[in-house]
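Heads up: the protein sequence lines correspond to chains A and B, in order.
So the number in the numbering used here is just where the residue sits in the first sequence, counting from 1, plus 18.
So the number in the numbering used here is just where the residue sits in the second sequence, counting from 1, plus 2.
Read the hints as simulated data drawn from the structure, not as lab findings.
Glycine is no exception: its CB is placed at the ideal position from the N, C-alpha and C atoms.
Be careful, since some hints might not be right.
[Stated by the list, open to error] Which stretches of chain B does chain A cover? Using the computed rule of at least three CB atoms under 8 Å from a CB of chain A, they are:
#1 66-75
#2 79-87
#3 100-110
[Said to hold, decoys possible] Not close to chain A: a few residues of chain B, all C-beta gaps over 12 Å, as computed:
#4 Ala52
#5 His91
#6 Met92
#7 Asn97
#8 Ser211
#9 Gln257
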Amino acid sequence: MSDAANTDRWIRWLNTVQLVLAGLLIMAPTVWMVLSSFKPSFEVTAYPPTLVFSPTLENYVELTRTTPFLSYALNSLIVTLGSTALGLLFGIPAAFAVSWTRISWPAILTLAARMAPGTLFLLPWYVMFRQIGMIGSYTALILSHAVITLPIVIWVLLPSFDGIPRSVFEAAQVDGCSVTRILWRIALPLVASGVAVSAILAFVFSWNYFLFALVLSNGDTKTLIAAAFNFIGEGSTQWGALMAAATLIALPPLVLAALVQRWLVSGLTLGAVKG
Amino acid sequence: MASISIRNLVKRYGNFTVIPDLNLEIADHEFVVFVGPSGCGKSTLLRIIAGLEPISSGDLYIGDKRVNGVQPAQRDIAMVFQDYALYPHMKVYDNMSFALELRGTPKAEIDARVKRAAALLHIESYLERKPKELSGGQRQRVAMGRAIVRNPKAFLFDEPLSNLDAKLRGQVRAEIKALSQELKTTMVFVTHDQIEAMTMADRIVVLQSGTIQQYDTPETIYERPTNQFVAGFIGSPAMNFFPVEWRQERAILSQAGRMVPLDGETAARLSRAGNAVLGIRPEHFAVASDSADSIAIDVKLVEPLGSDTLIHFDLAGGSAIARVDPALRPKVGDRINLYPQPGKTHLFDASNGQVLW
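Looking at chain A on its own, in the form it has when it is part of the complex:
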């Protein structure tokens, strides 16, 4: 066998090992979580972990018995959909404006805001929302989660808008389009998959975000992820119920990602619009 063929074989083998390791690393906690949610409470924290056990739904029963799970799920949905919509409403024109004007500092500013730890926002927001009597409102939660969704939408869409040849916009200008109309009639249809990807990513990140809801929500507006925190007590933690809640919380983003994974990849790599 030639040296080149040997090298190829080695590279293929290393690639496989690498993928298996990465897969294990990523999937192991998820599998652990799902399996634990079906174990009896005493087995959840058993060491070494039991791989063979009698599956039970007792954690899920406990979860729905002790918490208004559906109501929290509805809260999560309202906050996530609201903040995703808000992110799209402002993020799409913002990304287009940054691409159009080639003035990038606003986009960098939103990225910096996204990179800053969430705790940085908590105190000012808490004070601000309390002053205007909005603590515990959906509006406060949706507005705070826009800090997560807006940068995602901007930064996912920016390369998509940049990928559209400038001359297409100029042709539209000559044809009689205002800038707003160019965005609506020309640019937006061309970045539709990018918009879908940014919406999905914004949804997932907002759905999973914990900190703002913990502080800014109340009993009526608590989101699922914040509610799951209730199972962690000072004296003892209800690991089984926590795992059941975590499994249910993880379900929508996972299903969403699985449904659109092909689109997700093509949307993320969207760079140029071929004529």
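Place chain B on chain A using the hints.
Frame of chain A, contents of chain B only:
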């Protein structure tokens, strides 16, 4: 239909001046070609007319209307872009009807205009296709169709043939020319290809560094270039240049010390100037049967083109090209006697390149 008038136009990008001070009058129905090397400002000038670039100072009129600061949409011009700039998500029909739809043109009229333009350009069968399903030539036609349906005051073309292969380029060039004669609309066409400029234009604007070097008919620009830049830019292969001086009542090639036979009128001009740059187009060399009153050259390279043959040779410290009859069948190493055809030579001032009359 409208004239275009540019007065004292200046275009700057920051501290960099692209167009220092430009005046240009394009008559109604005229086909004007802007030609020049890369970076000469020809596309910038076209984009200024289109309204895609703001003017730093000066005035621009389309018809009687001063259009400085007027949005492209309000200028009533149509533009064909180098990359065609079709809307990828729209069918050909929608690409062509889009501008009319924006103006609120009635549907029946849109339909009639699109179909008329499609028939004119032979693209009726593509109307339901998306741009990605078309070849380069077909896309080019759609881009022209999109401009035609507008029935604009002026058409602007920004190097629209540069992405086509040589055969198609020639074909579309002829089609645009025919179209201009049929539509009788003012057309401004940008190209770096001097053959396109020569074949299509009523008048050519030769630009260098944002300055008009010459603005005239193709024939005049070819026959009477006003400076060495224009002379070298227009014509293919380019004009040959040789430094010459007037010594002992004869024209001498400065670096070779050899006599060059000139007609009486050119010799008189050289005698007045003392020294100059002599310009001879490759096609304006003639082959002499003997060495008297001619320049003997050694053939360095032969390029047979079929209709004629190009021979490359060294003369007066530089390379030169002559276009000769293919029946001559020159070979590398052959010695050939050449002389410039009387009345076909050009003399330029050695210091500033301006033509010496």
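Status of the hints after comparison with the structure:
1. Counting residues of the stretch 66-75 of chain B whose CB lies closer than 8 Å to any CB of chain A gives 3, so the stated coverage by that chain holds, three being the minimum.
2. Given a C-beta distance limit of less than 8 Å, the hint that chain A covers the stretch 79-87 of chain B holds, as 8 residues qualify and 3 suffice.
3. Counting residues of the stretch 100-110 of chain B whose beta carbon lies closer than 8 Å to any beta carbon of chain A gives 4, which reaches the threshold of three, so the coverage claim holds.
4. Remark: the non-interface label on alanine 52 (chain B) conflicts with the geometry, its nearest Cβ contact in chain A lying 6 Å away (cut-off 12 Å).
5. Not every C-beta of chain A lies more than 12 Å from that of histidine 91 (chain B), the closest at about 4 Å, which undercuts listing it as non-interface.
6. Against the 12 Å criterion, methionine 92 (chain B) falls within the reach of chain A, whose nearest CB is about 8 Å from its own CB.
7. With a closest Cβ-Cβ approach of about 9 Å to chain A, asparagine 97 (chain B) is found to fall inside the 12 Å limit, against its non-interface label.
8. The non-interface label for serine 211 (chain B) is consistent with chain A: the shortest C-beta to C-beta separation is roughly 25 Å, beyond 12 Å.
9. The Cβ of glutamine 257 (chain B) lies farther than 12 Å from every Cβ of chain A, with a closest approach of about 48 Å, so its non-interface assignment holds.
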